[in-house]
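J.: Listed below are the residues making up each chain.
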Amino acid sequence: MIGVLSRHSPLALLAGVLLAQVLLLAYQIKRDHDVRLIRYWSAQSSMPFARGGTWFFSNLGGFWSGYVNLHNAHKENAQLRQEVGQLRLRNSELENKAAEEQRLETLLNFRNAHPEVQMIAAQVISASADPASDTMFINRGDQDRIRRNMAVITPDGVVGKIVEVLGNTSQVMLMTDKDMGVGALFADTRTHGVVKGSGESQPKLDYIVNDEKVSAGQVLLTSGEDKIFPKGLLIGTIASAKEGNPFQVIRVSPAARLDRLEDVLVLATQQELAPRKSGEPFTVSPAPPAPPPSPAPAASQTNSQPAARLSAAPAAAAPQSATQAAPQTTPTQAPPQ
Amino acid sequence: MASMLNASLRSDQNVEVHKFYSGAVILVAFLALIVQAFFHKFGHWADFVDLPLLVVIYFSVSRRNPVTGLLLGAAIGMFQDGLSHDNPIGLYGIAKTLVGYVASTAGARIDTEHPVSRFVLTFLFFHFHQMIYVFTQRFLLNEAIPFFTLHLLLESVVNAAVGVILFALLDRLRRRS
Chain U
1 MIGVLSRHSP LALLAGVLLA QVLLLAYQIK RDHDVRLIRY WSAQSSMPFA
51 RGGTWFFSNL GGFWSGYVNL HNAHKENAQL RQEVGQLRLR NSELENKAAE
101 EQRLETLLNF RNAHPEVQMI AAQVISASAD PASDTMFINR GDQDRIRRNM
151 AVITPDGVVG KIVEVLGNTS QVMLMTDKDM GVGALFADTR THGVVKGSGE
201 SQPKLDYIVN DEKVSAGQVL LTSGEDKIFP KGLLIGTIAS AKEGNPFQVI
251 RVSPAARLDR LEDVLVLATQ QELAPRKSGE PFTVSPAPPA PPPSPAPAAS
301 QTNSQPAARL SAAPAAAAPQ SATQAAPQTT PTQAPPQ
Chain Z
1 MASMLNASLR SDQNVEVHKF YSGAVILVAF LALIVQAFFH KFGHWADFVD
51 LPLLVVIYFS VSRRNPVTGL LLGAAIGMFQ DGLSHDNPIG LYGIAKTLVG
101 YVASTAGARI DTEHPVSRFV LTFLFFHFHQ MIYVFTQRFL LNEAIPFFTL
151 HLLLESVVNA AVGVILFALL DRLRRRS
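Chains as they are written, first to last, in my numbering: chain U, 1 to 337; chain Z, 1 to 177.
Keep in mind the hints are simulated off the structure, nothing from the lab.
Predicted model only: the values in this text are computed from it and were never measured.
Don't be surprised by glycine CBs; every beta carbon is placed ideally from N, CA and C.
Don't take each hint at face value.
Unchecked claim - Computed far set for chain Z versus chain U, every beta-carbon distance over 10 Å:
id	residue
1	Phe48
2	Val49
3	Pro88
4	Ile94
5	Arg109
6	Asn142
7	Ile145
8	Phe148
Unchecked claim - Chain U is faced by these chain Z residues, among others (derived, beta-carbon under 8 Å):
id	residue
9	Leu83
10	Ile89
11	Tyr101
12	His127
13	Met131
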């Protein structure tokens, strides 16, 4: 055997003998923590392979799971996008319903607060196609006993009046229309005037003499002298006032949000609304009888006397009606455009 | 083992391969180990001489067979480890295995019969053995042992001198062809 080894592989035998002795030594020697050297070597020699294998398989698994997850995430993303779209639509519907419900609740509360006045709730269905006229259409008409010159309001304040009645729709002229006028009075000073539309978002308050002290923020109510709006409805507040010739140039900021009307109330009668809370602008009184047409106010007439102002207002409130023959005609009514 | 060591093998046809009486190699190796262990009881002066190493060098150089040399070195070294009270088995074994292999390889190429060459060879193999021994201790046992000291140099000289004498005595165990 030695002869065979000597001829062929003495170096291999040397390596084998040395390796055997090294392993024997490693088995006997103990390093830190009383661990045999051969165990330490075994762990150290196998650790890179174990780590490499672990790294490879974890990365492979991670890559595969990442690919699968990405694929699933793509599908899930598309599904979630669709769901988000549906939920947004649903949310929008619910928000609209909630807003509508709130509006209707406000209308209902307002209506319940004034049972003495017959009101017809209506929805705004469209605006006028003519940009020069501030009108809109509501979904109530002749079938709902809507008549011309009925007042249209919201719980916030005056909106306008009915100018055309069809079968199941009606046309409403807003108080900002240049053919519109509303008899008005100041809530504090009781000075009368006429709110006239100007085609702009802020109508004018006419027939207030320069001596009258007017300041921004003063509250303006309906005077009831136009035979359309009951007395005491909130019109708006004074936005600005400056001296003019012969009357002050006063701009009114409407209380009702005329640019975003959706639900309105049509007053079937001109009966005044009874206040339910202190400070509410509506007054309790039976509907006043239609006053006879008053003479046009003199330019020099002062409005320091309430009686003078009260008598001057209806005439002033109907600049167009001054030329009309019939005195009972609504002062603010203007010929349909 | 005896038959293996006494086998008449030649690594080179031009080099003389010495044969020994049957059992001589084993007996000498055993005696060297016993004497080494016996001397060790009498003090550190005995550490100056590494008789098992000298025996490995002599028989490896004489037999001129690497396989025989490395097996003899491995056997004597492991026995020496076993007789020492604190060495793990294999420490001397590795060193003497390599010495046996290299000595038998060298013996096939250079003259190993002259006393001077024997002195030089023993001197060099002693340091080679020591280098392997220290390297193994440093690498495996994690012990910081110096590779070279004056004490080691003195030991190598003493061993070389003892080797010259011992080799001459061991020559008497050769069988005459």
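J.: Please go over all the hints and tell whether each is borne out by the structure.
T.: Hints, one by one, checked against the model:
1. Listed as a non-interface residue, Phe48 (chain Z) keeps its Cβ farther than 10 Å from every Cβ of chain U; the least gap is roughly 25 Å.
2. Non-interface call for Val49 (chain Z) relative to chain U: holds, since the shortest CB-CB distance, roughly 24 Å, exceeds 10 Å.
3. At the 10 Å boundary, the C-beta of Pro88 (chain Z) falls inside the reach of chain U, the nearest C-beta of that chain being 4 Å off.
4. Interface exclusion of Ile94 (chain Z) from chain U breaks down, the closest Cβ pair being 5 Å apart, not more than 10 Å.
5. No Cβ of chain U comes within 10 Å of the Cβ of Arg109 (chain Z); the nearest lies about 15 Å off, and the non-interface call holds.
6. Under the 10 Å C-beta cut-off, the non-interface status given to Asn142 (chain Z) relative to chain U is violated; the minimum distance is some 7 Å.
7. Taking the minimum C-beta to C-beta distance to chain U, about 15 Å, the non-interface status of Ile145 (chain Z) holds against the 10 Å cut.
8. Distance check for Phe148 (chain Z) against chain U: the nearest CB is about 23 Å away, which clears 10 Å, and the non-interface claim stands.
9. The beta carbon of Leu83 (chain Z) is not positioned within 8 Å of any beta carbon in chain U (closest approach about 15 Å), and the interface hint is therefore violated.
10. Against a cut-off of 8 Å between C-beta atoms, the interface hint on Ile89 (chain Z) holds, since the closest Cβ of chain U lies about 6 Å away.
11. The beta carbon of Tyr101 (chain Z) comes within 5 Å of a beta carbon in chain U, closer than 8 Å, and the hint placing it at the interface holds.
12. With its C-beta approaching chain U no nearer than about 19 Å, His127 (chain Z) sits outside the 8 Å limit, and its interface hint is violated.
13. The restraint placing Met131 (chain Z) at the interface with chain U is violated, with a minimum CB-CB distance near 15 Å, outside the 8 Å limit.
Comparing the model with each earlier hint shows violations of hints 3, 4, 6, 9, 12, 13; every other hint is respected.
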